[in-house]
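> Protein sequences appear in the order of chains E and W. Residue 127 in the numbering used here sits at position 121 of the first sequence, with consecutive numbering throughout. Residue 186 in the numbering used here sits at position 180 of the second sequence, with consecutive numbering throughout.
No lab work stands behind these hints: they were computed from the structure. One or more of the hints may lead you astray.
Given that identical chains are not distinguished, each listed pair holds provided it fits within a single copy or across any two copies.
[As the list claims (entries may be wrong)] List of simulated lysine-lysine pairs, DSS-like, C-alpha gap at most 30 Å:
1) K189 to K87
2) K59 to K363
3) K154 to K16
4) K92 to K189
5) K189 to K363
6) K234 to K154
7) K209 to K234
8) K209 to K83
9) K363 to K234
10) K87 to K235
11) K87 to K234
12) K154 to K170
13) K363 to K235
14) K367 to K59
15) K189 to K154
16) K235 to K59
2 protein chains.
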Amino acid sequence: MAFVEFELSKEFRDRFQHALDERDGPFIYESLDGVNPADITSLLYEFNSEESKYVLDLLPLEVRAKIINDLDPDTRKTFLKIYEPKEISEFVNLLDSDDAADILNELPIKDSEEILTLLDADLKSQVIDLLRYDENVAGGLMAKELIKANVNWTVVQCIDEIRKQAENVTKFYTVYVVDDWDKLLGRVSLQRLILTDTRTLVKDIYDGDEVVAVETYLEDTEVAEIMKKYDLESVPVVNTQGQLVGRITIDDVVDVITEQAEEERQIMSGITEDVEEDDSVWRNTRARLPWLLIGAVGGMMSARFMGLFEGEISRIAAIAFFIPLIQATGGNVGIQSSSLIVQSLVNPSFVEEGLLKRLGKVFSVAVLNGFCLSVIVFGGNALVFGYDGLTWVVSIALFCVVIFASFVGTVTPLILNRFGFNPALASGPFITTTNDLLGLAIYFLTISILL
Amino acid sequence: MAFVEFELSKEFRDRFQHALDERDGPFIYESLDGVNPADITSLLYEFNSEESKYVLDLLPLEVRAKIINDLDPDTRKTFLKIYEPKEISEFVNLLDSDDAADILNELPIKDSEEILTLLDADLKSQVIDLLRYDENVAGGLMAKELIKANVNWTVVQCIDEIRKQAENVTKFYTVYVVDDWDKLLGRVSLQRLILTDTRTLVKDIYDGDEVVAVETYLEDTEVAEIMKKYDLESVPVVNTQGQLVGRITIDDVVDVITEQAEEERQIMSGITEDVEEDDSVWRNTRARLPWLLIGAVGGMMSARFMGLFEGEISRIAAIAFFIPLIQATGGNVGIQSSSLIVQSLVNPSFVEEGLLKRLGKVFSVAVLNGFCLSVIVFGGNALVFGYDGLTWVVSIALFCVVIFASFVGTVTPLILNRFGFNPALASGPFITTTNDLLGLAIYFLTISILL
């Protein structure tokens, strides 16, 4: 009974590393015996591939399979390079079809072909079927393992069949009901089966009304939305003929949701590749440089633009003082606006209010925020720098910047979304760069009109 | 069988609104009959509280309970204001204890007390027990409904008991095994029970090794991490004496993960309240103003700082041209750095590499990025503005800004985290404002040294 997580104390790690250096098999085996595979996985992240393989080879095959299945895909891809196809096939044979297909997808095609020939016949045909689908659609997410019953069976036939099928299905929540052509009709819960007289027909007790199914080509994020919306722990997958071909469980969807959140954060922070802090220096640099360059090009365009106002700046240097204020405000407003829109695009309960009504509201909020900011900044400037024409110009420009940046922040994600790009792009350096230029233009336009 | 989601066409909505205006009960009842409650929930988001209540009162009590349970908490809080406590108690009686407790928690204490007295005795005592816990710990997330079996029972006794208990438990995945004092010992799967001879003792077939349990006071985000790590569909909750007091299912955890991601996005985009685009103008303004003000104060500090260099700017106006470039780069680098650190703080597989090694890597990446940027900007500036001392100054300052902003972006979230603040704070306007000031300081320092 594991109440507490396995303790990864510094002492234990050092002792373990020592045992590894000595290739002290008995100590390693003993200290990992009975430990949850997920905890062993965490431990292995600290050692290199050879060391990890040495540890894994000491463990029972089922534990090994679980651990390799738990690894994050990038780590696994590197790790499995030191394995022979035959070794891989041994533990892949113990996995569910969806996990097996995921691992084969990560391997070089030559290796995955070889491994396929080594798999058990059932799993092999299931995996071949799954390999046809893209990773990010329902077909690529589903597992073939599920329990189904013919609608014409009796409850006792059904329970018998469950006994047979259950050996291959590690997690099951529901029994799917199909007709003679495998067309999905509905489902019946295990509870219901246990509570019903054994001679009853499945036909008379199955639930055909409220069953939500997804088709193989549905995108993974949409599958996640549907499962969240209908509060499902598993969802059946059907092909275009309505035949039951697989099922997706909520734990797969948890991964989809987590990945989506991570991807969004990366986009928002201007990182172009799926990179982690502990990746190589080179990879980190490559992931970061593109947006930095785009930002720098924006900055050089700003410089070029200000060149047009060299005379004004030489005359009144104070004009330059307020550039950071104008730009910071434009940037912040833009990101706030785009982030709210992205949120409402992601949130399925959102109701299309009509563009005009939405923009009207954006305008109202911008006017209120812009007014408050301008007044406060006016007061601050008058106090610190004394009161003159520039004080007015800064506050008027600031007000306009808030309004324009709100619109750009609102409209850009809508346009990106319309043209099939990820609207979250508009919450990152893209919108900031645009608003920097826009803010500058408004500021100098105000100057050239009013000063 | 609902393959496709219920269609919310514009025509249907208009027709429905018309029926609502006419209070055309029969049409409404008929068009919603057999529709999945989750779809009715989406529909109701378009109507006001009185209209929604009118629709709900037409529907069967179970459907009503499901829909009200589906509403997002903010909407529900407002919506239930037009309900009498007695009406609320009717559908709360049909909910699971955790959902019932959530709803009572949202109501004024006077109403929730009154509703408590109207609940069925069992549910009442369960809810009272749950109300003791904070919303964001395991105790506040768990439901009391679960199926447990005494370790000394036989399989047949166990299945009998399941039949009895299952009436109150809508979703169950596993049977928890306890001793005579309700102490959690392990679990046994329904599959295992079905596959085993009925005279076997639970003692001999239950799984006591790999069961992960959480204690009532564990934070919800940690519960989510544990369920993800160990790939659990449900987790038992125990009190400090190790007694089984409830269970948490993965669908509750999906909500926790989703909320966490949303909260983080808001923090990153400088929004201080949990606000949505369709909230009131006033609420939107209030959520956005604080960070805009902080940004503006930063901007005014920048202005004050540049005041010290008024002479230089008047002499060489071109100095001002490159302020946006310097600041945009500093801002982008800072957000990238902090975002990577936040990600590794969130990711539990992260291994503490030692501060020095991490900072060394941050430094290497910054040097590489800084070097590339400076060279490219140098070339661009020489081309566009011609080559002079300022071209050198800008590139040198840019290089330093990349390095300093990387450090600030890396260290700030670590410090925030150390002192118990949400490190994601450092991915938002906070880090941008800091880096704006820092960038400016570095730029003008370089100018005063080199120019």
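> Please go over all the hints and tell whether each is borne out by the structure.
Status of the hints after comparison with the structure:
When the C-alpha separation of K189 and K87 is checked against a cutoff of 30 Å, the pair qualifies neither within a copy, at 41 Å, nor between copies, at 46 Å. For a Cα distance limit of 30 Å, the shortest separation of K59 from K363 across copies, 26 Å, qualifies, whereas the shortest one inside one copy, 61 Å, does not. In this assembly of identical chains, the alpha carbons of K154 and K16 never lie at most 30 Å apart, being 49 Å within a copy and 38 Å across copies at closest. Taking the shortest Cα distances, K92 and K189 never come within 30 Å of each other, neither inside one copy (37 Å) nor across copies (45 Å).
Within a single copy, K189 and K363 get their C-alpha atoms no closer than 45 Å, and across copies no closer than 58 Å, so neither meets the 30 Å cut-off. Taking the shortest Cα distances, K234 and K154 sit within 30 Å of each other both inside one copy (24 Å) and across copies (27 Å). In this homomeric assembly, K209 and K234 come within 30 Å of each other (Cα to Cα) only inside a single copy, at 29 Å, whereas the closest approach across copies is 37 Å. For the identical chains of this complex, K209 and K83 are neighbours neither inside a copy (46 Å) nor across copies (42 Å), given an alpha-carbon limit of 30 Å.
When the C-alpha separation of K363 and K234 is checked against a cutoff of 30 Å, the pair qualifies only within one copy, where the shortest distance is 29 Å, while the shortest distance between copies is 41 Å. Only between protomers do K87 and K235 lie at most 30 Å apart by alpha-carbon distance; the minimum there is 24 Å, versus 40 Å within a single protomer. With identical chains, the CA atoms of K87 and K234 are at most 30 Å apart between copies only, with a shortest distance of 26 Å across copies and 37 Å within one. For the identical chains of this complex, K154 and K170 are neighbours both inside a copy (11 Å) and across copies (26 Å), given an alpha-carbon limit of 30 Å.
For the homomeric pair K363 and K235, the shortest alpha-carbon distance inside one copy (27 Å) is at most 30 Å, but the shortest distance between copies (44 Å) is not. Proximity of K367 and K59 under a CA criterion of 30 Å is satisfied inter-copy only: 27 Å between copies versus 59 Å inside one chain copy. In this homomeric assembly, K189 and K154 come within 30 Å of each other (Cα to Cα) only inside a single copy, at 11 Å, whereas the closest approach across copies is 36 Å. Taking CA atoms no more than 30 Å apart as the test, K235 paired with K59 passes between copies only; the shortest distance there is 21 Å, against 42 Å inside one copy.
Hint compliance for this structure: hints 1, 3, 4, 5, 8 are not met, and every other hint is.
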